[in-house]
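Add chain B to chain A, keeping to what the hints say.
So the protein lines, in turn, are chains A and B.
According to this note's numbering, the first sequence holds residues 1 to 143 in order.
According to this note's numbering, the second sequence holds residues 1 to 191 in order.
No lab work stands behind these hints, which were simulated from the structure alone.
Take these hints with a grain of salt, some might be off.
Claimed, not checked - List of simulated lysine to aspartate or glutamate pairs, EDC-like, C-alpha gap at most 20 Å:
{"no.": "1", "chain 1": "B", "residue 1": "K95", "chain 2": "B", "residue 2": "E84"}
{"no.": "2", "chain 1": "A", "residue 1": "K48", "chain 2": "B", "residue 2": "D66"}
{"no.": "3", "chain 1": "B", "residue 1": "K136", "chain 2": "B", "residue 2": "E32"}
{"no.": "4", "chain 1": "A", "residue 1": "K94", "chain 2": "B", "residue 2": "E159"}
{"no.": "5", "chain 1": "B", "residue 1": "K177", "chain 2": "B", "residue 2": "E159"}
{"no.": "6", "chain 1": "B", "residue 1": "K77", "chain 2": "B", "residue 2": "D66"}
{"no.": "7", "chain 1": "A", "residue 1": "K124", "chain 2": "B", "residue 2": "E32"}
{"no.": "8", "chain 1": "A", "residue 1": "K94", "chain 2": "A", "residue 2": "E66"}
{"no.": "9", "chain 1": "A", "residue 1": "K94", "chain 2": "B", "residue 2": "D158"}
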Amino acid sequence: MKIKSIYAVAAVCFMSLAMTAGAQAQQTMGYADAVRTLANACGADINKYCSSATLANFGITNCLVENTGKVSASCTATVATVTAAIEARTAAQKAAPQLCERDARQFCANIKGGNRFVLQCLLKAERRVGKACNNAITAAGWR
Amino acid sequence: MNKFFAAPLLAAAFAVAGVSAASAQAQMTRNEVISSLAGTAATVGRFDPIALEQAAAKAAASGGEDAVSRVSDSLSKLPQLSVEINFDLNSGQIKPESYYAVGLIADAMATPSLMGQRFAVVGHTDATGPREFNFKLSQKRARSVAEALITTFNVPVDELIAIGVGEEQLQDPANPKAAINRRVQIINIGH
Numbered sequence: 001m002k003i004k005s006i007y008a009v010a011a012v013c014f015m016s017l018a019m020t021a022g023a024q025a026q027q028t029m030g031y032a033d034a035v036r037t038l039a040n041a042c043g044a045d046i047n048k049y050c051s052s053a054t055l056a057n058f059g060i061t062n063c064l065v066e067n068t069g070k071v072s073a074s075c076t077a078t079v080a081t082v083t084a085a086i087e088a089r090t091a092a093q094k095a096a097p098q099l100c101e102r103d104a105r106q107f108c109a110n111i112k113g114g115n116r117f118v119l120q121c122l123l124k125a126e127r128r129v130g131k132a133c134n135n136a137i138t139a140a141g142w143r
Numbered sequence: 001m002n003k004f005f006a007a008p009l010l011a012a013a014f015a016v017a018g019v020s021a022a023s024a025q026a027q028m029t030r031n032e033v034i035s036s037l038a039g040t041a042a043t044v045g046r047f048d049p050i051a052l053e054q055a056a057a058k059a060a061a062s063g064g065e066d067a068v069s070r071v072s073d074s075l076s077k078l079p080q081l082s083v084e085i086n087f088d089l090n091s092g093q094i095k096p097e098s099y100y101a102v103g104l105i106a107d108a109m110a111t112p113s114l115m116g117q118r119f120a121v122v123g124h125t126d127a128t129g130p131r132e133f134n135f136k137l138s139q140k141r142a143r144s145v146a147e148a149l150i151t152t153f154n155v156p157v158d159e160l161i162a163i164g165v166g167e168e169q170l171q172d173p174a175n176p177k178a179a180i181n182r183r184v185q186i187i188n189i190g191h
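This is chain A alone, in the form it adopts within the complex (with noise of 0.2 Å):
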């Protein structure tokens, strides 16, 4: 009995830890998904307030900020989700060549021609790069 009650404590700590890893490299969201994101929530309060909004300049975003209070809350809710996780995804853009610096000198010593082509020997290199390095370029979205 105890041993099993150990077993399922490990279970539910392991569970939780695969969840935050999880919930990690969901944070950050491209453009596409964010778009699609946006659409399934937001939508309805689109087609009703910002209908003559442009792609450009935020101007869907900055309608549905300027709606606050008429659009719905589950809009508004994931604009801010939305937002939060492309911003960590341009972050994790910028992190990552520093991040991967010493995978880089260890495994794309020899690549030449600046950051892409380093950071695409590190992609196809992930086998042997570091979880810091793989974790940063998987949160940038280049895989």
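Here is chain B on its own, set in the frame of chain A:
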């Protein structure tokens, strides 16, 4: 200043209407965009978008309703992607069902395969209406796509150049009014 105005956030969504019209486009994946656009030293750098636009402007200015022939024979050899982006009638306003495609292009451009490369955004119309009108409309539409990519979707401004060629470079010259002619081409023009 409101956080939403200052941050490099996205601003987009499908409206509910018209999603089915974009279903073919919605099936396009980011990696398909990347493989269409990825260039090599051998294929990029051979194309002058400004010269192409000038040739199209000159052809369109010769007037009339219908273009006589294409202005370039070499375009098809470059790494490129033709995207069906829907606009409001006679306007540069991108329709919501096409926002996803624009987002996908931005995502592709931010990957190591394409980052730092330059791209021409080339607007095309079909042959309905006067050539000169179509030339100007295609310019407006190409600029509208580039502006969305640069502002909302965070693509570096020096990586894009927008040009229009009106109806002077039809995809299907045998059917000049066919929908396939109305498109936005993204062409990899190198570093």
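Consistency of the hints with the structure:
no. : hint             : verdict
1   : B/K95 to B/E84   : 11 Å, holds
2   : A/K48 to B/D66   : 39 Å, violated
3   : B/K136 to B/E32  : 30 Å, violated
4   : A/K94 to B/E159  : 17 Å, holds
5   : B/K177 to B/E159 : 32 Å, violated
6   : B/K77 to B/D66   : 25 Å, violated
7   : A/K124 to B/E32  : 18 Å, holds
8   : A/K94 to A/E66   : 30 Å, violated
9   : A/K94 to B/D158  : 18 Å, holds
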